[in-house]
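Top to bottom, those sequences are chains A and B.
Under UniProt numbering, the first sequence has 121 at position 121, and the numbering climbs by one with no breaks.
Under UniProt numbering, the second sequence has 207 at position 207, and the numbering climbs by one with no breaks.
It should be emphasised that the hints constitute simulated quantities derived from the structure, not laboratory data.
Mixed in with the good hints, there may be bad ones.
Said to hold, decoys possible - Listed next, with one range per pair, are the computed distances between beta-carbon atoms:
{"id": "1", "chain 1": "A", "residue 1": "Ala-166", "chain 2": "B", "residue 2": "Arg-147", "range": "36 to 46 angstroms"}
{"id": "2", "chain 1": "B", "residue 1": "Gln-186", "chain 2": "A", "residue 2": "Pro-134", "range": "22 to 32 angstroms"}
{"id": "3", "chain 1": "A", "residue 1": "Arg-2", "chain 2": "B", "residue 2": "Glu-127", "range": "52 to 62 angstroms"}
{"id": "4", "chain 1": "B", "residue 1": "Gln-186", "chain 2": "A", "residue 2": "Trp-67", "range": "49 to 59 angstroms"}
{"id": "5", "chain 1": "B", "residue 1": "Val-168", "chain 2": "A", "residue 2": "His-30", "range": "40 to 50 angstroms"}
{"id": "6", "chain 1": "A", "residue 1": "Glu-114", "chain 2": "B", "residue 2": "Gly-277", "range": "24 to 34 angstroms"}
{"id": "7", "chain 1": "A", "residue 1": "Arg-112", "chain 2": "B", "residue 2": "Thr-58", "range": "35 to 45 angstroms"}
{"id": "8", "chain 1": "B", "residue 1": "Ser-88", "chain 2": "A", "residue 2": "Ala-142", "range": "54 to 64 angstroms"}
Everything numeric in this text was worked out from a predicted model, so none of it was measured.
Don't be surprised by glycine CBs; every beta carbon is placed ideally from N, CA and C.
One-letter residues, chain by chain:
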Amino acid sequence: MRIRPVGAHALLLDCDDPEQAQAWRAELWHRREAGELTATEIVPGAVTVLLDGVPDPDAAAARLARWRPRTTTSGTTGGETRVPVVYDGADLPLVADHWHVDVPAVVDRLRRTEFRVAFCGFAPGFAYLTGLPPELSVPRLATPRTRVPAGSVALAGPYAGIYPTASPGGWLLVGRTDLPLFDVHADPPARLTPGTRVRLVDAP
Amino acid sequence: MIEVLRAGALTTVQDQGRPGWAHLGVPRSGALDPAALRLANRLVGNDERAAGLEITMTGCVLRVTRAVAVALTGAPADVLWRAGTAQSRPGDVGRPLALPAGAVLRVGPARAGVRTWLAVSGGIAVEPVLGSRATDTLSGLGPPPLRDGDRLPLGTPAGPPAPVDLAVMRPLPDELRLTVRPGPRQDWFTPEAPDLLCHGAYTVSPDSNRVGARLAGAAVTRAVAGELPSEGLVLGAVQVPPDGRPLVFLADHPTTGGYPVIGVVDDVTALAQARPGTTVTFHGPQR
């Protein structure tokens, strides 16, 4: 892990791999909770953790260099969220081609995978789910759709994701869910927060 | 209540934004010059965090249904108000005004700069979303931009207006000198890229908005093509997409991004007033 300065009030923890980033994110949330770290934002990325709104980044960096993420938590928080999915996405055949299997095998693989929220971005409540092996990465559509409906379950790169609201998008659509993913009146407002374990189960 | 008679090109409700939710993909949002809105709030006796309006370029026309104190800060604009059949009376940006119930306030186009902030005693009392009433133009959180005919609720005044005749606005410079600190991704750029950025003159592009100021000028040369794995972004991050044209992120910036950030601007508030064509230069921090 390498600590990079970001402007006058932020630090970027540039980690060795996604697992280390998840562990650091969990560790830093814990340290902030315990009052050992002041930061307005602790934002995980794919292999980074950003600390923003840090009053004294040099002092914080010196302290961080002495900390080690606890491996026991391995970044997982809370229980498992089961997302009911209807697997009828328009791009299932395309994913099957990329994976060199048939459509039922794609669906079976997605059902059996234990996903975890690595980070959020793109839109409020949009979670990047890891759990698929790197060899099953898929490219985005060359031409993004102008409108992807809310609740669309989709794949891009090594990630699975669910669109919380309708938006343009280039991810490959594999299914849809009715589960609300972002509700400003809920606490927390996002259903899928970093560290959450996720199963994409069959909708009843 | 405020009735919107003419909303103008882009008038939004803004406050100090909704920091603390970036890990869920929620942008900070808030006034592009938060200090200017805080000043307007102080002038009318509000808590600094109260919501006001951010008026862009073309001005707007509003009617107040109760007696209020109002104050404008930011870009200079002609201000006129009228009650009943009386003649219109002038006001000024920076000078608190006491408006009687039913008065119509006309904020003209910005004479220079881009954005003017309006505070009203009691504050704009639309329903807060995640602790803020700010319109986030990227994610759509908060109230939508104002439309003609909208009615905005007002809160209860917290105290009397400040005993101030005129708050002097910072003059708007013709050329913006922005202090930029290198990193976090200098290693994605050629060794001469920081010099290109700091010795070149850029101009603000017309496609700039609350998300970011896009700049035209010498392309910043990247050593590594493609995208890096998505990582968190800060206010003022200078992101360089493949075309090499830098973009400085403002309040409605996305929480994560995949293009490398060559440096971070210390204070982006001057960009809130930068019209398309304004010259921008970058400088390293003074030591």
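Verification of the hints:
1. Ala-166/A <-> Arg-147/B: 36 to 46 angstroms: Hint violated: Cβ distance 21 angstroms, outside 36 to 46 angstroms.
2. Gln-186/B <-> Pro-134/A: 22 to 32 angstroms: 28 angstroms, holds
3. Arg-2/A <-> Glu-127/B: 52 to 62 angstroms: 43 angstroms, violated
4. Gln-186/B <-> Trp-67/A: 49 to 59 angstroms: 25 angstroms, violated
5. Val-168/B <-> His-30/A: 40 to 50 angstroms: Check passed, 48 angstroms falls within 40 to 50 angstroms.
6. Glu-114/A <-> Gly-277/B: 24 to 34 angstroms: Violated - the Cβ-Cβ distance for Glu-114/A and Gly-277/B, about 54 angstroms, lies outside 24 to 34 angstroms.
7. Arg-112/A <-> Thr-58/B: 35 to 45 angstroms: 56 angstroms Cβ-Cβ, so the 35 to 45 angstroms window is violated.
8. Ser-88/B <-> Ala-142/A: 54 to 64 angstroms: At roughly 57 angstroms between Cβ atoms, Ala-142/A and Ser-88/B fall inside 54 to 64 angstroms, so the hint holds.
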